[in-house]
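Residue numbers (this note's numbering), protein chains in the order written: chain Z, 1 to 242; chain Y, 1 to 279.
Don't take every hint at face value.
With a Cα cut of at most 25 Å, we get these calculated SDA-like pairs of lysine to any residue [to be verified]:
1. Lys70(Z) <-> Leu175(Y)
2. Lys117(Z) <-> Gly126(Y)
3. Lys137(Y) <-> His113(Z)
Think of the hints as simulated: they come from the structure by calculation, not from any bench.
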Amino acid sequence: MTLDATLAEYCVVACAEAFRGDGEVLASAFGFIPTIGARLARATFEPDLLLSDGEAYLIANDVPLGGTDKVVEGYIPFRSVFDVVWSGRRHVMMGATQLDRFGNQNISTLGPHEQPKVQLIGSRGAPGNTVNHATSYWVPNHSRRVFVEKVDFISGVGNDRGAVGIKRIVTNLCSIDFVTADRSARLHSVHPFHSVDDVVAQTGFPLDVSDVSESRAPTDEELKLIREVFDPNGLRDSEVKQ
Amino acid sequence: MTADKRLTHDDVVSSLSDGMTIGIGGWGPRRKPMSLVRAIARSSLKDLTVVSYGGPDVGLLCATGKVARVVFGFVTLDSIPIEPHFRAARQAGSVEVTEYDEGMFYLGLLAAAWRVPFLPTRAGLGSDIMRVNPQLKTVQSPYSDEQLVAVPALTLDAALVHMNRADARGNASFLGPDLYFDDVFLMAAKQRYVSTEQIVQTEDLLQEARVQQLRVNRSMVDGVVDAPHGAHFTSCEPDYPRDEGFQKLYAGSVGDAWPGFLARFVDVDESAYQAAVAQ
Chain Z
1 MTLDATLAEY CVVACAEAFR GDGEVLASAF GFIPTIGARL ARATFEPDLL LSDGEAYLIA
61 NDVPLGGTDK VVEGYIPFRS VFDVVWSGRR HVMMGATQLD RFGNQNISTL GPHEQPKVQL
121 IGSRGAPGNT VNHATSYWVP NHSRRVFVEK VDFISGVGND RGAVGIKRIV TNLCSIDFVT
181 ADRSARLHSV HPFHSVDDVV AQTGFPLDVS DVSESRAPTD EELKLIREVF DPNGLRDSEV
241 KQ
Chain Y
1 MTADKRLTHD DVVSSLSDGM TIGIGGWGPR RKPMSLVRAI ARSSLKDLTV VSYGGPDVGL
61 LCATGKVARV VFGFVTLDSI PIEPHFRAAR QAGSVEVTEY DEGMFYLGLL AAAWRVPFLP
121 TRAGLGSDIM RVNPQLKTVQ SPYSDEQLVA VPALTLDAAL VHMNRADARG NASFLGPDLY
181 FDDVFLMAAK QRYVSTEQIV QTEDLLQEAR VQQLRVNRSM VDGVVDAPHG AHFTSCEPDY
241 PRDEGFQKLY AGSVGDAWPG FLARFVDVDE SAYQAAVAQ
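Isolated chain Y (complex conformation) (with noise of 0.2 Å):
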């Protein structure tokens, strides 16, 4: 008997709660867990802190007011600079920040991941990230005098990465260049979420993988969420390129333009999502 670990969208949800600090995958507008960023953007929950390499998913979650808080080290959609939404909150001052370098974002996540209170590193000493940071403090080495930064641990409540593939039982593949640093977001984290393109059965996991891409094992995931065309409207390549042309309608969408993109796009399941773009 081996635990299948499928959720529904909602059931993952569900499973959240108002405060929590949630950690979401992928790089800036590539392979981002969408359709479960889509299904938090029109529940009832509120106050979450955010902690994400950011793209739209940021952006997103900032513009249906359900961030307190967005832990970063950069907010793009690659070939549109600035994330607009992000811009927007910040600028309104309806979202609180906690910037990072983003490599410390890295160790914070990894010293985590280790259940290590801090990994000490270099990046951010002399910058503004230690004067906006008074809760970074610097460690002196036990080896010589270099002072280092500490930085803590960036534990996280939930973490929703998207893979490529997935069997029912949480192991899972990335097919295409990079595996971001997905891995660790689900190791950082109490609860852990998958979504997949393609859920596949155990045995054919590596029909279209390398053995060294299938970086997620089963022990790392709690919930496995079927989920084609779940990255949309980033990329998740090889299964498809980032859809420039709604993120330009996305990206356009700051202001007047909201209502009717959220009547549209987000105010609606997620069948009716692939509908709408698929139009």
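Just chain Z, same shape as in the assembly (with noise of 0.2 Å):
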């Protein structure tokens, strides 16, 4: 019998889901879900991939969320992400304050750079990450806001702009991957608890929507590595919304 999973849990999965193929590249995931779905994805489906601790070791255990007891298989200082990053052996999850629909991204300022309304992080890899492999996003309040029709700065660029490849958007609501004839979003699958209406009423762009499935459920096996190995203090659920 199927367990019941909560959307934080079919977020997870739908993070890990993004990874699947990608064989033995360097899996960099931000946010509390996107890092267990990574981490997910090793521990069943994609177990050549490698997963730094944030800091500079490759891990090769299964840690939970803030676990210090670490199997370390690697020494990857910032500086040798860059050598991956450049490498091309990576995909990355990052997170985006704004989106359009070719997955450009931006995480530097809204308004005018020059004296912005609101001063974001800043840039940070996004252009350099997205030119030089696969990059997803992890959008935890799916809406109008961040899924525009013209973003106010490209930070990473999208598909229509020489990215090598944006995978796929994961969000509260949904999983949205590029597999159009141009590389524009359609929507992939819809999570239980939302319609295919409220994901199109909450995007600011026009989403292709001919073939969309429900979003797997995870299995027993993932739930309790979910439950009990990767995040047994639940903060997953400080992420997303029920």
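With the hints as a guide, bring the two chains together.
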């Protein structure tokens, strides 16, 4: 029998699915749910992924969020991360304040760049990431404020501007892919508790809804790993509202 | 006779001048030379261009009116994602910026260190980094049709870094997980300063560090500043972690709380600061 999964757990599995087929590359994830997702993918269907602790070490074992009992399999200080980025052997899942239908991402500024209405964190590695390796995004608050016709600043470049490949955008409502003729956004699947109409209403650009499924439920094994191994303290629930 | 490069915080500040381009080592809220940053913050220096993988160093210098321009890829306190003082300065229009991808930033420093005019990369292509930095040019590969961004050398007038241990001649080690880009900052600069948790005898440098952590040698350094707890409130592993409580106090000091914070923690000398934060 299938245990009842929460929305956060559907989101974890959707994040894990973003890394399917990646093989022996560094999976870099930011946020609780993407981090659990990357670890879950490696523990199940994508065993060759490399995972860092976000500090300077590659970690070989299945550790919980914040866990310190690490089996170190490699050293990856920030300078080495650039080596991996520029080699192309990486798939990053970043956050985004704004995204458009080709996956152009803004984490820099809202309003004019000279004197922004809102200063955000800055472009970080997004420009370099997107033109060197696979990129996905995690959006815990799917809304028209995030999914816009045109982003205020292009930090990470989209599929229409030279990205290697924007693979997935996972949100609290759905999973979006870019498997269309012009590599623009397509609604891949909708999480339970939400509908296609909800997603369309909360998205500020036209979304291809020609082939939408319901998001895959976590298996019992996956739920056990999420609840008992990776996130026993339930940090995932702090990132999305049920 | 060997050179003793020990300097005080005030010696370093008096060697700097208005309008200089100053690189600051560390990464975000990690192993920042905060005691030197505080010394600049309470000095009369102004119109500085600050080059940094930005944390509270950038925020504090913006809040104290020292900064004309920030060269950066991000400014963050990690547990508080947006540096609030930097945000306030940007939204008030009081600082200009040169925003780079964080890898481009590294290549700019490396080009300066290697004394080449630029280094090529794909990072930046297609992004608005190219739009807001019209000085950035692309080059065509001489071997193919590929266009690449030519990141110009980011030459620094001065560099400030904080290391776990150093000797009086400027050999220095990091003991935490990551050197960050501190060696590259030093090599990219004309005046090079290392503050340190502890000055030790040369023969004791390998007491705590492995030789692979002895990454700053004396040809890269002009001055060494004794600065125990000098990275506070950023982390300086393994000597001490980030002071999250104090970071919250700092982050909450934008606006009305700023004069009080300034009087208590900025317009005081380093020993008074350390005494105040120990309370």
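Honestly, which of those hints from before does the structure not fit? none
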